[in-house]
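Given next are the chains, with one letter for each unit.
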Amino acid sequence: MSTAAAAVAARFRPGDRVTVRRSDVPGHMRTPWYIRGHAGVIERLCGAYPNPEELAYARAGLPAQPLYRVRFAQAEVWPDYAGSPADTIDIEVYKHWLEPA
Amino acid sequence: MHDHPHDHDGDDHGPHRPHPGPRPDADDTLSYYQVMEIAVRELLIEKGVLSAEAVRREIEKMDARSPAQGARVVARAWNDPAFKARLLQLGNDALVDLGLERGPYKLVVVENTPDVHNVVVCTLCSCYPRWLLGLPPDWYKSRNYRSRAVREPRAVLREFGLELRDEVTVRVHDSTADMRYLVLPARPAGTAGWSEEQLATLVTRDCMIGVAVPKAESTGVNQ
Chain A
103 MSTAAAAVAA RFRPGDRVTV RRSDVPGHMR TPWYIRGHAG VIERLCGAYP
153 NPEELAYARA GLPAQPLYRV RFAQAEVWPD YAGSPADTID IEVYKHWLEP
203 A
Chain B
12 MHDHPHDHDG DDHGPHRPHP GPRPDADDTL SYYQVMEIAV RELLIEKGVL
62 SAEAVRREIE KMDARSPAQG ARVVARAWND PAFKARLLQL GNDALVDLGL
112 ERGPYKLVVV ENTPDVHNVV VCTLCSCYPR WLLGLPPDWY KSRNYRSRAV
162 REPRAVLREF GLELRDEVTV RVHDSTADMR YLVLPARPAG TAGWSEEQLA
212 TLVTRDCMIG VAVPKAESTG VNQ
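Chains A and B, in that order, are what the protein sequence lines are. If you want my numbering, it's the 1-based position in the first sequence plus 102. If you want my numbering, it's the 1-based position in the second sequence plus 11.
None of these hints come from the bench; they were simulated from the model. We put the CB at the ideal spot given by N, CA and C, even for glycine. One thing to keep in mind: the hints can contain errors.
Said to hold, decoys possible - The list that follows gives simulated cross-link-like pairs (lysine to aspartate or glutamate, EDC-like), each with its CA atoms no further than 20 angstroms apart:
id, chain 1, residue 1, chain 2, residue 2
1, B, K152, B, D217
2, B, K117, A, E145
3, A, K197, A, E145
4, A, K197, A, E156
5, B, K58, B, D74
6, A, K197, B, D189
What the hints assert, rightly or not - Derived contacts from chain A toward chain B, CB cut-off under 8 angstroms, selection only:
id, residue
7, Y151
8, P181
9, T190
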């Protein structure tokens with residue numbers, strides 16, 4: 103993890119259950135609409151990166167924000183999912199979009 | 012002498028009607044952002060920040076990157092367990108070990124096994140490990156693939172000719188932020204003793220996105 107990461111401590115650990123905030127805010131968001139409101143499990147901490155929601159408006163995006171890969175069960179994301187109940191979708195989500203489930 | 016039907020007296024090609032002339036190229040309809048790119052580029056050149064030659068060189072460099080680089084990485088991982096472990100742990104460092112570019116993004120390598128199949132998509136745009144594989148195929152950027160690969164991956168894979176058993180877990184990776192993904196396909200059966208160069212011939216772009224799997228019998232390589 104970069105030194106900038108130390109400024110904003112990671113909040114979750116692999117295995118933690120989290121929910122993606124069901125937020126509808128204007129601007130440049132990297133959290134896909136289809137995953138908002140869904141619960142998943144932290145797969146890994148990717149590191150800390152400048153906040154893209156700030157970068158999009160030519161600001162520094164600092165301090166860097168922890169970025170996680172969160173694993174969701176497809177059957178939970180799409181109620182009519184056609185496939186194995188074990189199938190998953192992994193998505194990169196920034197810390198401020200996640201809450202403990 | 013003509014050997015195809017040709018009606019010299021017909022209305023279509025009669026002497027009374029002038030030739031309509033060449034169809035205009037369709038490359039003059041610029042989108043808002045294409046116009047913006049040209050304007051910014053011209054300003055940067057005018058102000059001496061960039062040169063046209065430098066821009067051309069970068070385009071040429073990007074076009075020279077190809078899935079062959081990724082195929083080398085996969086082939087090495089198949090033949091060298093220590094390299095594979097490093098690739099899965101610290102993907103970018105492993106690229107440097109092979110003399111490839113480290114790249115501007117963190118590389119996450121996801122491994123296919125007999126029980127797990129991985130497939131990569133970017134639902135928001137077209138994120139792709141370009142420094143390693145070159146430019147993504149057009150279908151990767153299409154709304155069809157981007158919206159359906161997450162919702163019905165098995166149906167999409169079937170359309171690519173890849174039928175997975177129900178027992179195989181499908182893991183979709185939506186490349187939404189700062190990671191870039193490379194699928195490490197499973198080494199095909201019947202390739203024991205192959206050199207890295209031979210193995211690399213089996214690894215195509217689609218195998219590294221996860222919409223196909225390498226097969227030994229589909230090539231002319233002697234086993």
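We went through each hint and held it up to the structure:
At most 20 angstroms may separate the alpha-carbon atoms for a hinted pair to count; K152(B) and D217(B) meet this at roughly 14 angstroms. Proposed proximity of K117(B) and E145(A) is supported: the alpha carbons are some 16 angstroms apart, at most 20 angstroms. Between K197(A) and E145(A) the CA atoms are separated by roughly 13 angstroms; this keeps the pair inside 20 angstroms, and the hint holds. At roughly 14 angstroms between alpha-carbon atoms, K197(A) and E156(A) fall within 20 angstroms of each other, so this suggested pair holds.
Under the criterion of a C-alpha separation no larger than 20 angstroms, the hint pairing K58(B) with D74(B) is inconsistent with the structure, at around 27 angstroms. This hinted pair checks out: K197(A) and D189(B) have alpha carbons roughly 13 angstroms apart, not beyond 20 angstroms. Taking 8 angstroms as the C-beta contact cut-off toward chain B, the hint placing Y151(A) at the interface holds, the least distance being around 5 angstroms. Checking P181(A) against chain B: minimum C-beta separation of about 11 angstroms lies over 8 angstroms; hint violated.
A least Cβ separation of about 5 angstroms between T190(A) and chain B falls short of the 8 angstroms threshold, and the interface hint therefore holds.
Consistency with the previously given hints fails for numbers 5 and 8, ordered from lowest to highest.
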